[in-house]
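Can you make the complete structure from the sequences, with help from the hints?
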Amino acid sequence: IELQPEDAFNYNLQGIILRQLGDYEAAIQSYNQAIKLGQDADFYIGRSLAYHSASQASEALIDLTLALQLEPQNARIFNTRAIILRSIGNYEDALQDYDRVIALDHTYADAYVGKTLIYNILGHYEKALASITQLVDIYPDDAATYNYRGVSKAKKGDFDGSIIDYNKSLELDPKQIET
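With my numbering, letter number 64 in the sequence shown gets 64, and the count goes up by one each step, no holes.
Calculated directly from the structure, the hints in this document are not laboratory data. Computed from a predicted structure; not experimentally measured. Accuracy of the hints is not assured; some may be wrong.
Stated by the list, open to error - Derived BS3-like pairs (lysine-lysine); straight-line CA-CA distance at most 25 Å:
{"#": "1", "residue 1": "Lys127", "residue 2": "Lys156"}
{"#": "2", "residue 1": "Lys127", "residue 2": "Lys155"}
{"#": "3", "residue 1": "Lys168", "residue 2": "Lys127"}
{"#": "4", "residue 1": "Lys168", "residue 2": "Lys156"}
{"#": "5", "residue 1": "Lys155", "residue 2": "Lys168"}
{"#": "6", "residue 1": "Lys175", "residue 2": "Lys155"}
Shown next as structure tokens:
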């Protein structure tokens, strides 16, 4: 930063490092400087994550809306917003954002997992199972997807099906400790 004080990307990188270190307020200041120097959706995404980590969800959501104005077809921005919406209990809006993610990129695994988590929270186990089964169909060799589906089946009361999925998860990746 000392060598290139007008380079917004340096401030963005500093923000990333500070956020990872848990210094959210300093990270926010670095992102503020990056945004002042250049308009980039990643700067707003980074700052939104710092705000969210600092328990400032409303500010995080504002930044994601600004990022979407710059990149309205960016699935990652919708997914990040959905995660924050889910974390504050705004499940309906989160589900809408997850659906947007899937419409933009039908292989975006986190969106299916997010939908599954919400449906399980709401007790909509059939919808949870349908969502995670879509992901299993896309990634049939991914152990974690079978683990998530096993959880959904167990919540639905299908313990035999749950055990089958847990076993498949362990077959694919013996390190699946959650199973």
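Exercise. Would you list, in rising numerical order, the hints stated earlier that this structure does not obey?
Key: none
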